[in-house]
Amino acid sequence: KNEVEQSPQNLTAQEGEFITINCSYSVGISALHWLQQHPGGGIVSLFMLSSGKKKHGRLIATINIQEKHSSLHITASHPRDSAVYICAGTQGGSEKLVFGKGTKLTVNP
Amino acid sequence: DAGVIQSPRHEVTEMGQEVTLRCKPISGHNSLFWYRQTMMRGLELLIYFNNNVPIDDSGMPEDRFSAKMPNASFSTLKIQPSEPRDSAVYFCASSFIRRQISGNTIYFGEGSWLTVV
Numbered sequence: 001k002n003e004v005e006q007s008p009q010n011l012t013a014q015e016g017e018f019i020t021i022n023c024s025y026s027v028g029i030s031a032l033h034w035l036q037q038h039p040g041g042g043i044v045s046l047f048m049l050s051s052g053k054k055k056h057g058r059l060i061a062t063i064n065i066q067e068k069h070s071s072l073h074i075t076a077s078h079p080r081d082s083a084v085y086i087c088a089g090t091q092g093g094s095e096k097l098v099f100g101k102g103t104k105l106t107v108n109p
Numbered sequence: 001d002a003g004v005i006q007s008p009r010h011e012v013t014e015m016g017q018e019v020t021l022r023c024k025p026i027s028g029h030n031s032l033f034w035y036r037q038t039m040m041r042g043l044e045l046l047i048y049f050n051n052n053v054p055i056d057d058s059g060m061p062e063d064r065f066s067a068k069m070p071n072a073s074f075s076t077l078k079i080q081p082s083e084p085r086d087s088a089v090y091f092c093a094s095s096f097i098r099r100q101i102s103g104n105t106i107y108f109g110e111g112s113w114l115t116v117v
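Line order of the protein sequences matches chains A and B. The first sequence begins at 1 in the numbering used here and counts up one residue at a time. The second sequence begins at 1 in the numbering used here and counts up one residue at a time.
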């Protein structure tokens, strides 16, 4: 049983749309990471958060500790945002990451 | 900073051959992670080191896999003998772990794409 669940698995949007990717996690996860992976490429850490909200450019990540839920939002989406977005949780007491299965985002022009 | 550097980027090898993947973490980071990514299983942690010491190797599939970190700036992941099911992308990542803080930003290398035929 995966301790981190992401939805949706696939997401297609038109350029300019507001995008939300959701992540739910189980007890024992102490921090949440949002990662981005372009096709054939490496993995980039977008955010790490254990409470509240973080913003970087058009990307916003929020976390609700009580509900064990995090969201990644992309405002004014652009084709270059097309990538796989992965939610990962840090298991409390260690630095092990538990990964969601990823959300493949395609933004069409 | 050059980031986490992995080599080789791509490797194709025959079943039974030894494969060695290399990683140079970001200078100053005290933790290093080896991950494997496949279509079927996604990303999985194989092993991680803190201050060059292996802390958790529970993700290492079997005895054919071994990892070393002889110093703070270098690590290897070795597969001997390799099998077709080892074909995957192997990522190295590093981080500066601060124990009093829950969660720390992790930096990934570009990955080593391994194909065993």
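Hints were generated in silico from the structure; no laboratory data involved. Treat the hints with care, since some could be wrong.
[Stated by the list, open to error] Subject to a maximum C-alpha distance of 30 Å in a straight line, what follows is the list of computed DSSO-like cross-link-like pairs (lysine-lysine):
| id | chain 1 | residue 1 | chain 2 | residue 2 |
| --- | --- | --- | --- | --- |
| 1 | A | K54 | B | K78 |
| 2 | A | K68 | A | K101 |
| 3 | A | K96 | B | K78 |
Predicted model, so just to flag it, every value in this text is computed and none were measured.
Of all the hints given earlier, name the ones this structure violates by number, lowest first. 1
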